[in-house]
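Chains as they are written, first to last, in the working numbering: chain A, 3 to 607; chain B, 2 to 228; chain C, 28 to 259.
Hints were generated in silico from the structure; no laboratory data involved.
A portion of the hints provided could be inaccurate.
Stated by the list, open to error - Calculated cross-link-like contacts (lysine-lysine; reagent style PhoX-like; alpha-carbon spacing at most 25 Å):
#1 A:Lys404 <-> B:Lys172
#2 A:Lys191 <-> B:Lys167
#3 B:Lys61 <-> B:Lys118
#4 A:Lys557 <-> A:Lys526
#5 B:Lys167 <-> B:Lys111
#6 A:Lys313 <-> A:Lys557
#7 B:Lys61 <-> A:Lys404
#8 A:Lys61 <-> A:Lys313
#9 C:Lys193 <-> C:Lys207
#10 A:Lys526 <-> B:Lys31
#11 B:Lys183 <-> B:Lys61
#12 B:Lys183 <-> A:Lys526
#13 B:Lys172 <-> B:Lys183
#14 A:Lys31 <-> A:Lys61
#15 A:Lys191 <-> C:Lys239
#16 A:Lys191 <-> A:Lys85
#17 A:Lys235 <-> A:Lys266
#18 B:Lys183 <-> B:Lys118
#19 B:Lys118 <-> B:Lys199
#20 B:Lys61 <-> C:Lys207
#21 A:Lys235 <-> A:Lys587
As the list claims (entries may be wrong) - Over 10 Å on every C-beta distance to chain A, these chain B residues come out as not near it, computed from the model:
#22 Val13
#23 Thr14
#24 Asp127
We put the beta carbon where it would ideally sit given N, CA and C, even for glycine.
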Amino acid sequence: MSEAILEPTAAEPAPVFHTPAQEASARLKELFPDVVSDETREGYEGLAVYADSLPEIAKALRDELGFNYLSSVTGVDNIEEGKLEAVYHLYSIARGGGPVVLHVQVDRNEPVIPTLVPVFRGAEFQEREAFDMFGIHFQGHPDLRRILTWDGFNGYPLRKDWHEPFFEEQHKPFGSRWPEGEVFRAEEKTPYGKNVQYPAGWLPTGDEYDVETDVYLGLSYSRDATPGLRTDKVTVNLGPQHPSTHGVFRMVVTLDGETIIDLKPVMGYLHRNHEKIGERNTFIMNMPFTDRLDYLSGVSNNFGYALTVEKLFGLSVPERAEWLRILTAELIRIGNHLWALGFLLNDLGALQTPMLYFYIERELIVDFFEALTGSRMMHNYMRFGGVAYDLPDEVRGVPTMKYLEEMVFNRLPRVLEQGDELMTGNEIVRARSIGVGYLSPADAINMSAAGPLLRASGVPYDLRRAEPYSFYDRLDFDIAVRYNGDIYDRYLVRMDEMRQSLRIIEQVLPHLRRTEGAPIIGDKPQYALRAPRGGESYGRVENPKGELGFYVTAKRRDGNPSRYHVRAPSFINLTTLGPMSRGYKVADVVAILGSIDIVLGEVDR
Amino acid sequence: MYGTGILKGLGVTLRHFFQTYADDLRWAGKGGRYYNDEAFAVRQSPEAQGVITVFYPEEKLAVPERFRFVPFLVTDDPPPGQRWGHDWCTSCGICAKVCPPQCIWIERGKLPNGRPKPEPVNFFIDIDICMNCGYCAEFCPFDAIKMDHDYELAGYDRSTAHIHDKARLSKPLSYWQEISPKRAAAEEFGRQMAESAKTKKKGPDEEAAPGMPNDVARQLPYRGAQY
Amino acid sequence: MAVANTGAVNGDVVVPDELANNVFIGTIAKVLDPIYNWSRRNSIWPVTFGLACCAIEMICTASSRYDLARFGMEVFRATPRQSDLMIISGTVTKKMVPTIVRLYNQMPEPRYVLSMGACASGGGPFKEGYNVVDGIDKFLPVDVYVPGCPPTPQALINGLIALQEKIDQQSIATAPWYNKKDPTAGIYPVPVLGPDLVDLRQLDLIRREAAKHPAEDPARATEAEPQTAGPQ
């Protein structure tokens with residue numbers, strides 16, 4: 003080796019790694035030369051991996067290479083090649099930067115992939131979703147059941163050859179709309195007059211209606227909470243209609259007395275087939291649909307989707323549009339956290355009062371969005387290569403910049419202070435929340451928790467810093483982080499985050515003044531965009547709920563994404579609910595759920 | 002001391018309680034706090050203190066110009082004696098093509114010789130599917146479809162009332178100018194600008210069109226980039 | 028002759044015009060109706076029941092700015108047994124609709140359903156989805172439809188006022204919930220989940236359709252549930 007140092011020209015030049023992901027990929031190819039290769043398809047990144055060795059590779063990535071955060075698992079149906087594919091995105095918490103992407107292709111008729119749950123518990127729900135939607139069988143998964151549809155549902159909906167009852171055409175726009183345009187309601191075209199279809203020849207017999215049994219099978223009844231005392235365990239259903247489940251969410255809880263032994267979330271009660279519709283839509287049509295994911299933070303979802311498609315299309319965004327994006331994303335973060343905390347405190351028993359106070363402020367934020375985008379919640383604000391609207395002249399009769407300044411410098415800080423005064427020191431809140439719902443940092447990472455949930459466990463991972471997008475790298479702000487991992491810290495992290503968001507907006511406002519009159523969209527806006535290249539794109543943003551990722555693939559010259567997947571933070575954060583609740587009382591579960599801050603539109607999509 | 006946190010919190014509630022009455026006193030000599038336009042404007046602005054309630058059927062919170070509810074079609078102002086004027090819509094079908102939930106049906110007109118006529122025979126919007134996204138209005142090259150501000154559409158029946166046909170959808174330009182004056186003016190400006198750019202192009206050494214002034218452009222989607 | 032039929036006719040008694048305002052000649056219901064309806068319309072208690080995006084606007088409507096308490100509707104009850112109104116606020120999915128119908132069956136009469144937003148009325152933008160019910164009125168009687176995606180709080184209040192107007196039209200004498208012949212009237216069959224959503228009122232139709240399109244493999248059709256295709 004010493005010769006090599008003396009004779010640098012003689013030695014092979016050491017490979018230059020620009021990112022941790024490149025380094026890890028190269029190392030992985032060295033470690034597993036036979037089963038790992040570069041992904042060669044046009045526009046795809048990452049590694050192609052053989053299914054059988056996936057768990058070892060994941061373990062090596064986690065333990066040796068530091069890629070310990072499994073962000074997204076999703077299936078893809080490559081029907082032309084007769085393959086089903088699973089795509090894994092892994093990130094490094096410590097080093098930040100881009101992902102190591104693993105592509106696993108299996109035969110469409112026999113889709114078996116070993117599960118990653120023993121390595122990453124965060125894969126649990128996502129693998130179940132891929133099983134539900136594509137029928138990919140994850141061997142060794144502890145509880146492989148349908149998650150968004152119900153047991154007994156006919157078919158795997160996201161496979162390309164599966165059609166829904168109201169199927170009209172493979173892609174939008176539908177030919178029947180124009181120029182003939184004879185209006186009809188879709189249900190007129192099905193024999194049942196409803197959105198239903200049954201397998202050919204299916205006859206109702208009366209005993210197929212039990213779709214519930216399997217829900218209870220996975221529950222553990224084993225642990226005795228009170229040793230020496232023979233007690234019966236009780237199984238209780240909370241939801242889907244329950245005032246404290248924040249929507250149509252259901253928890254099946256096994257109780258010993260009032261102590262929780264096991265908890266299983268049951269979801270899919272708001273499964274609106276976002277991804278199936280998304281693959282039918284053109285690229286731009288998906289934008290308003292993303293508003294309805296996490297409907298409390300519409301622009302933030304727009305942001306993620308716009309970034310993903312811009313990456314795929316190679317579009318650039320003018321400066322003013324970037325500032326407007328950051329302004330709206332941060333304002334909506336405040337709105338979302340106000341809502342989340344209002345509900346959390348409601349769940350803790352501070353019934354209505356803090357909630358109502360916070361909602362007044364949220365209304366004022368909503369007013370701004372209504373004036374800017376035209377809708378209170380469904381903003382549909384961003385476009386590929388910019389934003390749709392410039393700032394309005396006035397909001398509620400006040401000039402816009404004055405309105406924003408009044409809100410940011412005056413009103414919102416005062417509200418946060420008032421919230422502090424109202425709740426932070428309150429003994430009841432403290433008693434109910436300190437030490438309850440503990441999540442250790444290792445667990446939080448392993449279960450792919452994201453957002454305030456992760457940061458309250460002492461992991462300072464914020465995408466705005468770890469993999470900066472837009473202009474976040476030009477802004478001065480701190481990552482809100484707390485170290486106790488309980489409900490109280492999640493509350494505090496959200497409070498801190500709102501302050502940081504205010505700090506960001508304070509820095510953005512001068513830029514908005516400076517760029518007054520500058521363009522807000524790159525190219526001339528078009529309604530029919532076609533992908534200039536085939537390939538995949540994964541974009542993620544720090545949503546108020548956590549890491550929101552979009553995985554979009556497209557074929558060259560196509561106007562529709564061939565795969566459109568949403569990595570929903572609320573959905574994956576729910577992985578932590580069961581482990582976090584064990585050993586606490588029923589009343590605590592409600593608060594723990596509130597502290598995760600889920601939105602069902604995003605959980606079920 | 003244990004309990005100070007709770008007392009502090011109660012103090013906040015008490016403050017809110019008094020703020021409401023303080024506001025009553027403040028407006029006492031000026032026409033009262035309720036059903037008073039001036040007070041209402043303050044009550045809904047960031048300076049609001051205490052109660053901010055809108056007494057809806059009596060007081061209505063104005064919607065901003067960009068507000069979008071279900072779409073409508075713009076026609077010329079009707080000549081006397083008629084209900085509608087000439088349709089702006091040319092049945093080019095862009096709105097139907099860009100509509101995310103595909104809730105627009107357009108039947109294009111036909112000339113006697115079978116060629117398409119730039120006018121819709123029928124135009125349907127199923128408002129049970131419409132997601133109020135505003136794409137149709139945004140991408141319409143003729144400014145012929147706009148988002149309405151009339152949100153008071155509650156009814157007892159949807160079998161017929163919720164598919165809006167052309168008669169239901171058509172509204173005169175003056176209505177659009179009334180609900181959205183600044184934007185309608187900006188659109189007019191944009192159309193004229195595009196028109197003059199077209200004629201100017203024919204001239205040999207004409208300067209490029211000066212573009213839109215800022216306060217006009219900001220009323221339009223994309224700052225008028227489509228003109 | 029000053030005696031004319033004024034419409035205020037009760038039995039055989041014909042009341043002169045000039046006395047019509049002074050003499051009580053209506054039925055008890057006529058007096059009771061305004062009182063009955065006034066008390067009902069000003070204390071409509073909705074179920075605490077939010078489905079999707081519209082639920083957020085519903086909560087906004089109930090909170091300080093729009094304040095449903097002005098209509099006596101602020102008491103959102105967590106149990107259907109104490110409530111009069113169900114605001115279907117959001118997309119109804121197939122997985123959820125059995126629960127919704129069950130909740131509705133548990134509500135005491137008189138009960139009302141307000142379909143809030145495009146999704147609840149007709150499936151909305153998600154109508155084409157495989158898990159979405161194309162309108163709650165396929166399963167429950169809906170009293171008021173509020174269009175919009177989502178309806179703003181003011182639009183919702185407008186719908187609630189429409190509901191109040193509807194209540195005003197009702198009469199205690201003809202109210203169907205007091206003179207029921209059939210005790211099961213008003214109980215709606217709870218749909219069940221098979222390979223797809225099964226509306227029990229359509230079983231005959233399903234059988235007829237199944238006869239029209241027989242399965243390729245008859246053994247498979249009689250199975251209780253289609254097998255999940257995972258090799259195991």
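Here's how the hints hold up against the structure:
1. Taking the CA atoms of Lys404 of chain A and Lys172 of chain B, the gap is about 35 Å. The hint is violated against a cut of 25 Å.
2. Distance hint between Lys191 of chain A and Lys167 of chain B is fulfilled; the C-alpha atoms sit about 24 Å from each other, no more than 25 Å.
3. Between the alpha carbons of Lys61 of chain B and Lys118 of chain B the distance comes to roughly 42 Å, so the proposed pair goes past 25 Å and is violated.
4. For the hint pairing Lys557 of chain A with Lys526 of chain A, the CA-to-CA distance comes to about 23 Å; that is within 25 Å, so the pair holds.
5. For the suggested pair Lys167 of chain B and Lys111 of chain B, the alpha carbons sit about 17 Å apart, so the restraint of at most 25 Å is met.
6. With a CA separation close to 14 Å, the supplied pair Lys313 of chain A and Lys557 of chain A stays within the 25 Å bound.
7. With a C-alpha separation of about 24 Å, the suggested pair Lys61 of chain B and Lys404 of chain A falls inside the 25 Å cut-off, and the hint holds.
8. At roughly 30 Å between alpha-carbon atoms, Lys61 of chain A and Lys313 of chain A are farther apart than 25 Å, so this suggested pair is violated.
9. Note on Lys193 of chain C and Lys207 of chain C: the hinted pairing holds, with a Cα-Cα distance of about 21 Å set against a maximum of 25 Å.
10. A C-alpha spacing of about 51 Å is found between Lys526 of chain A and Lys31 of chain B, which places the hinted pair above 25 Å, so the restraint is violated.
11. Between Lys183 of chain B and Lys61 of chain B the alpha-carbon distance is near 21 Å, which keeps this suggested pair within the 25 Å criterion.
12. A C-alpha spacing of about 23 Å is found between Lys183 of chain B and Lys526 of chain A, which places the hinted pair at or below 25 Å, so the restraint holds.
13. Between Lys172 of chain B and Lys183 of chain B the CA atoms are separated by roughly 18 Å; this keeps the pair inside 25 Å, and the hint holds.
14. Taken as a hint, the Lys31 of chain A and Lys61 of chain A pair is honoured in the structure, with Cα atoms around 14 Å apart against an allowance of 25 Å.
15. A hinted pair counts as satisfied when its Cα atoms are at most 25 Å apart, and Lys191 of chain A with Lys239 of chain C qualifies at roughly 16 Å.
16. Our distance criterion of 25 Å between C-alpha atoms is broken by Lys191 of chain A and Lys85 of chain A, whose separation comes to about 33 Å.
17. Only pairs whose Cα atoms come within 25 Å are accepted, and Lys235 of chain A paired with Lys266 of chain A is accepted, the gap being roughly 15 Å.
18. A hinted pair counts as satisfied when its Cα atoms are at most 25 Å apart, and Lys183 of chain B with Lys118 of chain B does not qualify at roughly 32 Å.
19. Proximity of Lys118 of chain B to Lys199 of chain B is assessed by CA-CA distance (about 24 Å); at most 25 Å being required, the pair is judged to hold.
20. Proximity of Lys61 of chain B to Lys207 of chain C is assessed by CA-CA distance (about 42 Å); at most 25 Å being required, the pair is judged violated.
21. At roughly 14 Å between alpha-carbon atoms, Lys235 of chain A and Lys587 of chain A fall within 25 Å of each other, so this suggested pair holds.
22. A Cβ of chain A approaches the Cβ of Val13 of chain B within 10 Å, the least distance being about 5 Å, so the stated non-interface status is violated.
23. A Cβ of chain A approaches the Cβ of Thr14 of chain B within 10 Å, the least distance being about 6 Å, so the stated non-interface status is violated.
24. At roughly 7 Å, the least C-beta separation between Asp127 of chain B and chain A is not larger than 10 Å, which violates its mark as non-interface.
In terms of the numbered hints stated before, the structure departs from hints 1, 3, 8, 10, 16, 18, 20, 22, 23 and 24, listed from lowest to highest.
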